Amino acid sequence: MKQSQIRVLIAKPGLDGHDRGAKVIARALRDAGFEVIYTGIRQTPQMIAAAALQEDVDVVGLSILSGAHMTLCPKVVELLHAQGQEDVLVLLGGIIPDEDAARLKAAGVHAVFGPGTTSAEIISYIRTAMAGA
Amino acid sequence: MPKPVPTQQLIDSLLRGDRLALARAISCVEDDAKDAAEIVRAVFAHTGKAHFIGITGAPGTGKSTLVSALVESYRASGVTVGVLAVDPTSPFSGGALLGDRVRMTSHSGDAGVFIRSMATRRGAGGLAKASAEAMLLLDAAGFDCVLVETVGAGQAEIEIASVADTVVVVEAPGLGDEVQAIKAGLLEIADIFAVNKADRAGAARTVAALEMMLETGGAAAQSIMHHGQRMETGAAASESDAEGGWSIPVLETVAVSGGGVAQLRDALERHSAWLDESGGRAEREGRRLDHMLQTLVQAEVLARLERGLAPALRGELVELMQRRQIDPYSAAADVIRKLSR
Ligand code: B12
Ligand SMILES: Nc1nc2c(ncn2[C@@H]2O[C@H](COP(=O)(O)OP(=O)(O)OP(=O)(O)O)[C@@H](O)[C@H]2O)c(=O)[nH]1
Ligand SMILES: [Mg+2]
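Line by line, the protein sequences are chains A and B. This note's numbering numbers the first residue of the first sequence as 1 and each following residue consecutively. This note's numbering numbers the first residue of the second sequence as 134 and each following residue consecutively.
Everything labelled a hint here was simulated from the structure, so no lab data went into it. Each hint should be verified, as a subset may be incorrect.
What the hints assert, rightly or not - Which stretches of chain A does chain B cover? Using the computed rule of at least three CB atoms under 8 Å from a CB of chain B, they are:
{"#": "1", "region": "33-39"}
{"#": "2", "region": "62-73"}
Said to hold, decoys possible - Over the 12 Å line for every Cβ pair with chain B, so calculated as not near, a few chain A residues:
{"#": "3", "residue": "A52"}
{"#": "4", "residue": "E78"}
{"#": "5", "residue": "G94"}
{"#": "6", "residue": "P97"}
{"#": "7", "residue": "R103"}
{"#": "8", "residue": "K105"}
What the hints assert, rightly or not - One-sided excerpt, in silico: chain B residues whose CB lies under 10 Å from chain A:
{"#": "9", "residue": "L155"}
{"#": "10", "residue": "A156"}
{"#": "11", "residue": "R157"}
{"#": "12", "residue": "A166"}
{"#": "13", "residue": "G227"}
{"#": "14", "residue": "L231"}
{"#": "15", "residue": "S241"}
{"#": "16", "residue": "G242"}
{"#": "17", "residue": "R249"}
{"#": "18", "residue": "A252"}
{"#": "19", "residue": "W379"}
{"#": "20", "residue": "Q427"}
{"#": "21", "residue": "Q431"}
{"#": "22", "residue": "E433"}
{"#": "23", "residue": "V434"}
Just so it is clear, the structure is predicted and the values come from calculations on it, not from any experiment. Glycine residues also receive a C-beta, built at the ideal position from the N, C-alpha and C atoms.
All chains, please: the whole structure from these sequences, using the hints.
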């Protein structure tokens with residue numbers, strides 16, 4: 001059980017300007033008591049991994065609506081593992097077809113949340129995962 | 134959840150410059166983890182080298198953008214930079230949305246730059262309680278220069294004057310007729326003024342207003358000092374600085390394009406040199422360490438007080454007093470005896 005403050009990085013990888021969902025989630029997580037670091041749009045996987053390291057986050061949340069998730073997400077996971085952050089919870093939201101979600105989970109993404117997911121579901125998922133860690 | 138790393142190993146890695154170790158050490162001091170004291174104790178002998186620069190000013194004046202431009206300038210001359218970017222914790226949820234990093238993304242991939250966002254948590258005065266400790270850790274990890282962005286300063290966010298070697302107050306034109314720094318009481322803590330967004334109309338007017346305030350400001354600063362409670366911070370500093378002959382520059386910058394940043398950098402170097410010549414460096418370090426001492430003692434005393442004055446114990450004592458078995462003074466003495474354990 002983690003006693004300390006939970007820190008979450010919310011990032012938008014790739015050339016994707018749809019930032020509404022990411023901002024909604026960032027605010028909802030703040031209101032749930034998390035410390036949320038928002039990096040903005042147009043982040044490369046390298047930038048996201050570097051931010052995750054410097055910020056020592058417990059959770060990395062990616063938001064992708066551009067369709068580029070199959071290349072971007074596994075790269076982020078790979079970089080996190082390579083730098084010693086194997087234990088970071090990686091979440092993905094946006095427009096992700098079911099069959100892609102399954103493959104991404106096999107590649108190390110812990111959970112995928114599509115349009116219409118409520119903030120409460122996401123908050124409860126993170127709390128449960130952190131309590132078990 | 135990070136796997137627990139033995140504290141000694143974390144300390145060794147941090148001193149070798151390992152970035153993940155540094156990041157985790159900062160989390161330890163932020164969380165007040167039990168290893169925090171051990172870490173600070175072990176690295177303290179390796180500190181005392183970095184130049185600590187505070188960047189403060191009203192919300193939205195361009196502090197983060199200016200920090201990013203300064204980082205670029207420092208990196209161009211091979212100086213390594215640590216950044217602490219502080220944003221407020223929501224008093225309602227205890228959470229925080231830390232957005233300063235959005236303006237600082239261009240340094241990703243540069244191992245000579247380390248950027249850390251920090252929520253104020255229970256800290257006051259525009260910084261977090263752990264800010265000064267995190268500054269020490271960045272120093273110990275070998276960064277030549279540490280830039281600390283405070284929360285957008287409103288009323289009395291002048292804590293930065295107690296921990297920085299150099300304070301840059303950022304202004305922007307068009308925030309209303311009155312210069313924001315004067316309203317926010319920042320005039321007394323500035324070593325350098327940066328009038329940012331100088332690409333906008335009204336910058337020259339803001340510069341002129343500030344320069345006029347500084348010319349007539351000696352008296353104002355003194356009276357604030359004599360009536361204020363915080364003798365150890367800005368006002369006192371500006372008085373002794375005036376004796377040492379530092380005249381506060383007012384510079385125009387355009388952080389988004391890098392305009393005027395070379396001049397700001399030059400002013401920072403001059404202030405650093407002046408600190409060395411005038412003895413101001415040692416004075417400010419003393420102030421910073423005194424501030425840390427006070428913060429740590431206050432936190433511990435408060436924690437003990439919370440424990441010592443637990444409702445259950447108080448209830449017990451109140452009952453005894455009601456039965457006239459103990460008097461209020463003796464009850465208080467009883468609590469205080471327990472606190473010092
Ligand atoms: C609004 C919108 C826009 C706005 C974006 C405004 C903005 N700043 O965000 C504008 C008009 C600018 C826009 C532009 C484009 N769009 Co558009 N847009 C949409 C639309 C209608 C809604 C997206 C939205 O904001 N939803 C509301 C938010 C709250 O939902 P959300 O982002 O899905 O987030 C939820 C979950 O996914 C999840 N979530 C999201 N992120 C995260 C992160 C984490 C960590 C977690 C846990 C959860 C999570 O939680 C949220 C709450 O439930 C969608 C269609 C749709 N129904 O999704 C198309 C859509 C995303 N757009 C699309 C396209 C193609 C474009 C354009 C390329 C169109 C064009 N040809 O110009 C451009 C590209 C813009 C760019 N630079 O990238 C396509 C994408 C197709 C694909 N992926 O294969 C979609 C799916 C429409 C479609 N059916 O074709 N778009
Ligand atoms: N025109 C102009 N805009 C600028 C300049 N510098 C910053 N900005 C813009 O001002 C806005 C705020 O900039 P930030 O750097 O986030 O300001 P800040 O002071 O860090 O803001 P807080 O941390 O929220 O208090 C952004 O939209 C910047 O792009 C400048 O020199 N000129
Ligand atoms: Mg900022």
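The hints, checked one at a time:
| no. | hint | verdict |
| --- | --- | --- |
| 1 | 33-39 | holds (count 7) |
| 2 | 62-73 | violated (count 0) |
| 3 | A52 | 9 Å, violated |
| 4 | E78 | 16 Å, holds |
| 5 | G94 | 19 Å, holds |
| 6 | P97 | 29 Å, holds |
| 7 | R103 | 25 Å, holds |
| 8 | K105 | 19 Å, holds |
| 9 | L155 | 8 Å, holds |
| 10 | A156 | 4 Å, holds |
| 11 | R157 | 5 Å, holds |
| 12 | A166 | 7 Å, holds |
| 13 | G227 | 5 Å, holds |
| 14 | L231 | 5 Å, holds |
| 15 | S241 | 4 Å, holds |
| 16 | G242 | 6 Å, holds |
| 17 | R249 | 6 Å, holds |
| 18 | A252 | 5 Å, holds |
| 19 | W379 | 33 Å, violated |
| 20 | Q427 | 24 Å, violated |
| 21 | Q431 | 20 Å, violated |
| 22 | E433 | 18 Å, violated |
| 23 | V434 | 22 Å, violated |
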